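Q: Listed below, chain by chain, are the residues.
There are 2 protein chains.
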Amino acid sequence: MITAELREQLTAIVGNENYEDSKVSKLVYSYDATPQFQAMPDAVISPRNTEEISQIVRLCNEYQIPLVPRGSGTNLCAGTCPTEGGIVLLFKHLQSILEIDEANLTVTVQPGVITLDMIHAVEAKGLFYPPDPSSMKISTIGGNINENSGGLRGLKYGVTRDYVLGLEVVLPNGEIMRTGGKLAKDVAGYDFTRLLVGAEGTLGIITEATLKLVPMPPAKKTMLALYEDMEAAAESVSNIIRNQIIPTTLEFLDRPTLQVVEDYAQIGLPTDVEAVLLIEQDGPLEIVEEDIQKIAEICEQQQAISVKVAESEAEADGLRTARRSALSALARLHPTTILEDATVPRSEIATMVKAINEIAEKHHLQICTFGHAGDGNLHPTCLTDGRNKDEMDRVEQAFEEIFIKAVELGGTITGEHGVGMMKAPYLHLKLGEAGIEAMHAVKQALDPNNIMNPGKVFAKDTRKRVVVNK
Amino acid sequence: MITAELREQLTAIVGNENYEDSKVSKLVYSYDATPQFQAMPDAVISPRNTEEISQIVRLCNEYQIPLVPRGSGTNLCAGTCPTEGGIVLLFKHLQSILEIDEANLTVTVQPGVITLDMIHAVEAKGLFYPPDPSSMKISTIGGNINENSGGLRGLKYGVTRDYVLGLEVVLPNGEIMRTGGKLAKDVAGYDFTRLLVGAEGTLGIITEATLKLVPMPPAKKTMLALYEDMEAAAESVSNIIRNQIIPTTLEFLDRPTLQVVEDYAQIGLPTDVEAVLLIEQDGPLEIVEEDIQKIAEICEQQQAISVKVAESEAEADGLRTARRSALSALARLHPTTILEDATVPRSEIATMVKAINEIAEKHHLQICTFGHAGDGNLHPTCLTDGRNKDEMDRVEQAFEEIFIKAVELGGTITGEHGVGMMKAPYLHLKLGEAGIEAMHAVKQALDPNNIMNPGKVFAKDTRKRVVVNK
Chain A
1 MITAELREQL
11 TAIVGNENYE
21 DSKVSKLVYS
31 YDATPQFQAM
41 PDAVISPRNT
51 EEISQIVRLC
61 NEYQIPLVPR
71 GSGTNLCAGT
81 CPTEGGIVLL
91 FKHLQSILEI
101 DEANLTVTVQ
111 PGVITLDMIH
121 AVEAKGLFYP
131 PDPSSMKIST
141 IGGNINENSG
151 GLRGLKYGVT
161 RDYVLGLEVV
171 LPNGEIMRTG
181 GKLAKDVAGY
191 DFTRLLVGAE
201 GTLGIITEAT
211 LKLVPMPPAK
221 KTMLALYEDM
231 EAAAESVSNI
241 IRNQIIPTTL
251 EFLDRPTLQV
261 VEDYAQIGLP
271 TDVEAVLLIE
281 QDGPLEIVEE
291 DIQKIAEICE
301 QQQAISVKVA
311 ESEAEADGLR
321 TARRSALSAL
331 ARLHPTTILE
341 DATVPRSEIA
351 TMVKAINEIA
361 EKHHLQICTF
371 GHAGDGNLHP
381 TCLTDGRNKD
391 EMDRVEQAFE
401 EIFIKAVELG
411 GTITGEHGVG
421 MMKAPYLHLK
431 LGEAGIEAMH
441 AVKQALDPNN
451 IMNPGKVFAK
461 DTRKRVVVNK
Chain B
1001 MITAELREQL
1011 TAIVGNENYE
1021 DSKVSKLVYS
1031 YDATPQFQAM
1041 PDAVISPRNT
1051 EEISQIVRLC
1061 NEYQIPLVPR
1071 GSGTNLCAGT
1081 CPTEGGIVLL
1091 FKHLQSILEI
1101 DEANLTVTVQ
1111 PGVITLDMIH
1121 AVEAKGLFYP
1131 PDPSSMKIST
1141 IGGNINENSG
1151 GLRGLKYGVT
1161 RDYVLGLEVV
1171 LPNGEIMRTG
1181 GKLAKDVAGY
1191 DFTRLLVGAE
1201 GTLGIITEAT
1211 LKLVPMPPAK
1221 KTMLALYEDM
1231 EAAAESVSNI
1241 IRNQIIPTTL
1251 EFLDRPTLQV
1261 VEDYAQIGLP
1271 TDVEAVLLIE
1281 QDGPLEIVEE
1291 DIQKIAEICE
1301 QQQAISVKVA
1311 ESEAEADGLR
1321 TARRSALSAL
1331 ARLHPTTILE
1341 DATVPRSEIA
1351 TMVKAINEIA
1361 EKHHLQICTF
1371 GHAGDGNLHP
1381 TCLTDGRNKD
1391 EMDRVEQAFE
1401 EIFIKAVELG
1411 GTITGEHGVG
1421 MMKAPYLHLK
1431 LGEAGIEAMH
1441 AVKQALDPNN
1451 IMNPGKVFAK
1461 DTRKRVVVNK
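Residue numbers (the numbering used here), protein chains in the order written: chain A, 1 to 470; chain B, 1001 to 1470.
You may find that some hints are simply not true.
Claimed, not checked - List of simulated lysine to any residue pairs, SDA-like, C-alpha gap at most 25 Å:
no., chain 1, residue 1, chain 2, residue 2
1, A, 294, B, 1294
2, B, 1294, A, 123
3, A, 156, B, 1127
4, A, 125, B, 1246
5, A, 362, A, 327
6, B, 1212, A, 125
7, A, 362, A, 256
8, A, 156, B, 1064
Unchecked claim - One-sided excerpt, in silico: chain A residues whose CB lies under 7 Å from chain B:
no., residue
9, 150
10, 177
11, 185
12, 186
13, 188
14, 198
15, 242
16, 332
17, 410
18, 415
19, 435
20, 439
21, 441
22, 442
23, 445
24, 449
Treat the hints as calculated values from the structure; they're not laboratory data.
All of these numbers come straight from a predicted model, not from anything done at the bench.
We put the beta carbon where it would ideally sit given N, CA and C, even for glycine.
Using the sequences and the accompanying hints, generate a full structural model.
A: In structure tokens, the structure reads:
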């Protein structure tokens, strides 16, 4: 709880205009993009610089007030839901691109910059920032770093972590630490840069980041391959990689997803096939053409019933947009859409999709599956109704079985969405008790008063998504 | 100290034949490749599997005995010198390549595998493991991971950290933890995989690793550009990158290094120029040819006095070997060779080399500089004599000034060699007190009895390399 005295100290730091605690403000920041989670914060604060953040953190540490850093709240793991109340920290005054350094191929940004705005700014200089989470139109770079966001280009280019070279961070004790820099190589001390990436705001507040850029690939081609069975599609994925072609994007949609997406986007996708692969390659034109040709041959050998290369950028863009709109399209159909993130080694995709379908059938649920086939990163998505207690119990049971299966196949409970509050009860499946204990030790060492985004990553109990926290 | 009782328990675990404590055995493992550091261990143990390592760690934790994991001891930061006595742990029974997985493009290895042996094994399957530390003929993968080794191909392909997907590790409490997996994406919990890479054995003992492989680039070309002044060479490096060409290798040698290397390797290198750039590009043949052509033009525009592309693989190999032999060649000349590792943003290379030369002159020292120009990772190398106390004091002073300058330019005190015991007194220059404190907190949390490679990374005092610890 924020006392009158603390409130006064906080407003003295940020100014009255950057401190909100009206019921409406608190309600607005009581949830994020994750369905079924909600909790009221005590206040919403918008600091203007790192120094103010440091002062706020010191006060919160002294008074043991939870702090929840929040970009646009697009995460899907309840990572920015203020589960234990306290202060939601916004970055609306920290939205500058500080520098694009063409000699060192870096961009330095404040955490509140919108991902796509930054991508456009570097592209204007002929440079490329590959991570492209589906939410990039509204997500912030700070949020991407906290969640270690992935995206469609992850297969070839990696994820957010692979592009973070240096950070400025306010630690839970209020100290300001700088890690890394514009450096391709740096082994001075523990790798706090990567420890903070994906730590979901539980170890500190990121206040600045230096990101790696790469040259813009000169050409890109997009193609679609249709299959009458899932195994053939999965086998194509394996064979493309086995032939040592690493496409930029290798996406998969199953029949139910395809039907919904076409209904929503109306771009003439076929809806009578079992699986679709959306494949993109970028690079020098001659290599792209060669690769696309080879990929087409591999798909045909694997009984693809149709293989089609987009003839124009408009057509390619239509296909990409279709894939990107999968979640929005699915979300229209039922009151509650639960998107999951189980990931397996790519050789296990067919087995995993089969297991998901069996689990869905067993529990009488509608689960559509799409995702990043090249990464083994699948998004089984359950169309359900949060008000139906019986069905939600079955949803919970089904996803637990899906996670167990993913881990059994050498996979993980989350490939790119993060743990947050939503996956915390399952984390032990992947890390084991030794791993959870080691994480606890690090958290306790850096944040002994547990003020940094408490209730996330670490499970307090076995409470799962079906229990809404009002 | 190892009591008779503890000795008995340790030999019961590993067998008498894997426990050595003769004076000779201890002497052999009292130092590593780093000059001026030596300390006697109490015993040298060669466990046969992870379970035995776990048992050893539990005993060491109970009896508070230091444990120093050691591959081939090729590190240059005194990282495997048993500074505080205790047990040196060898991996001679853990030298298997467990699996090369062509569908998932991974290799799983035990820590004692020699780097080049593994590279050859994956190349036999047409796959490529890019990190290539100069010591790769004898270094082990476990050592590479502990030190986050770099190499000549780091500019385009990154360093060891970028290829470690998963680890099995024995934590300081003896628990066995598994991180990551054959997964392109995994955000389940804190990134212990990357925290352990480069932690120099201070947080746990790595007992297995799953590494990422990439397709073998089909072609490679090598070229040499000669310069009459350093600035022009540095400007070429910047312009190559600014033109959005990322070569595989972009190495630099200054005149003194060049003379010594040619004297040693006798491959017809010019010795009357101020700087040489050794440049390699790999990829599809047409792209390689195009890039090499463009690079040649850029070098010529920057007043390179000669630009020559190697005409055969034998000639290219000679050039690469010359670069790789720089340290050995320099080491022949004086009793003591101190190789440093200051790294700056690549745009600052010319400034840094100039500063190094001025500092050398000021302290009347012979410092040759070579290194990975594309990474800004320079290796100023001092040819000196450890017995000359006055000169060694000046060496120490000079390197401190070099580190301060590197950090001032946005760089770091070590790009790829690690901190170990040698750089520990300088670490605060890069990390500041907040960073050192955060590292201490993590170390204390995971290894409260400080048994894991104690005396490394964290400076106990201001003792520097000039004091030999006998």
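Q: Now, for every hint given, state plainly whether the structure supports it.
A: Now for the hints, and whether the structure bears them out:
Only pairs whose Cα atoms come within 25 Å are accepted, and residue 294 of chain A paired with residue 1294 of chain B is rejected, the gap being roughly 28 Å. Using a Cα cut-off of 25 Å, the hinted pair residue 1294 of chain B and residue 123 of chain A holds, with the two alpha carbons roughly 22 Å apart. For a cut-off of 25 Å, the pair hint linking residue 156 of chain A to residue 1127 of chain B stands: about 16 Å separates their Cα positions. Annotation: proposed proximity of residue 125 of chain A to residue 1246 of chain B holds, straight-line Cα distance about 16 Å (limit 25 Å).
Only pairs whose Cα atoms come within 25 Å are accepted, and residue 362 of chain A paired with residue 327 of chain A is accepted, the gap being roughly 24 Å. Taking the CA atoms of residue 1212 of chain B and residue 125 of chain A, the gap is about 31 Å. The hint is violated against a cut of 25 Å. Restraint check for residue 362 of chain A and residue 256 of chain A: the C-alpha separation of about 17 Å stays at or below 25 Å, so the hint holds. Among the hinted pairs, residue 156 of chain A with residue 1064 of chain B is inconsistent with the structure: their alpha-carbon atoms are about 46 Å apart, more than 25 Å.
Nearest Cβ of chain B to the Cβ of residue 150 of chain A: about 5 Å, under the 7 Å cut. The hint holds. A distance limit of 7 Å between C-beta atoms decides the matter here; for residue 177 of chain A the minimum to chain B is near 4 Å, and the interface restraint holds. Checking residue 185 of chain A against chain B: minimum C-beta separation of about 4 Å stays under 7 Å; hint holds. At about 4 Å, the closest approach between the beta carbon of residue 186 of chain A and any beta carbon in chain B falls short of 7 Å, and the interface hint on this residue holds.
Below 7 Å, beta-carbon pairs count as interface contacts, and residue 188 of chain A has one with chain B at about 4 Å; its hint therefore holds. A hinted interface residue such as residue 198 of chain A counts as satisfied when its beta carbon comes closer than 7 Å to some beta carbon of chain B; here the least separation is about 5 Å, so the hint holds. Checking residue 242 of chain A against chain B by beta carbon gives a least distance of about 6 Å; that is within 7 Å, so the hint holds. Interface hint status for residue 332 of chain A: violated, as the beta-carbon distance to the closest one in chain B is roughly 27 Å, over 7 Å.
Hint status for residue 410 of chain A: holds, given a least beta-carbon distance of 5 Å to chain B, under 7 Å. Interface restraint check: residue 415 of chain A against chain B, minimum CB-CB distance 4 Å, threshold 7 Å, status holds. With its C-beta approaching chain B no nearer than about 5 Å, residue 435 of chain A sits inside the 7 Å limit, and its interface hint holds. Interface restraint check for residue 439 of chain A: the shortest CB-CB distance to chain B comes to about 5 Å, inside 7 Å, so the restraint holds.
With a cut of 7 Å, the hint placing residue 441 of chain A at the interface with chain B holds, because the nearest CB-to-CB distance is about 4 Å. Because the smallest distance between the Cβ of residue 442 of chain A and any Cβ of chain B comes to about 6 Å, under 7 Å, the interface hint for this residue holds. Interface hint at residue 445 of chain A: satisfied, since its Cβ lies 4 Å from the closest Cβ of chain B, which is below the 7 Å cut-off. This hint is violated: residue 449 of chain A has a C-beta 13 Å from the nearest C-beta of chain B, more than the 7 Å allowed.
In summary, the structure is inconsistent with hints 1, 6, 8, 16, 24 from the numbered list given earlier, while agreeing with the others.
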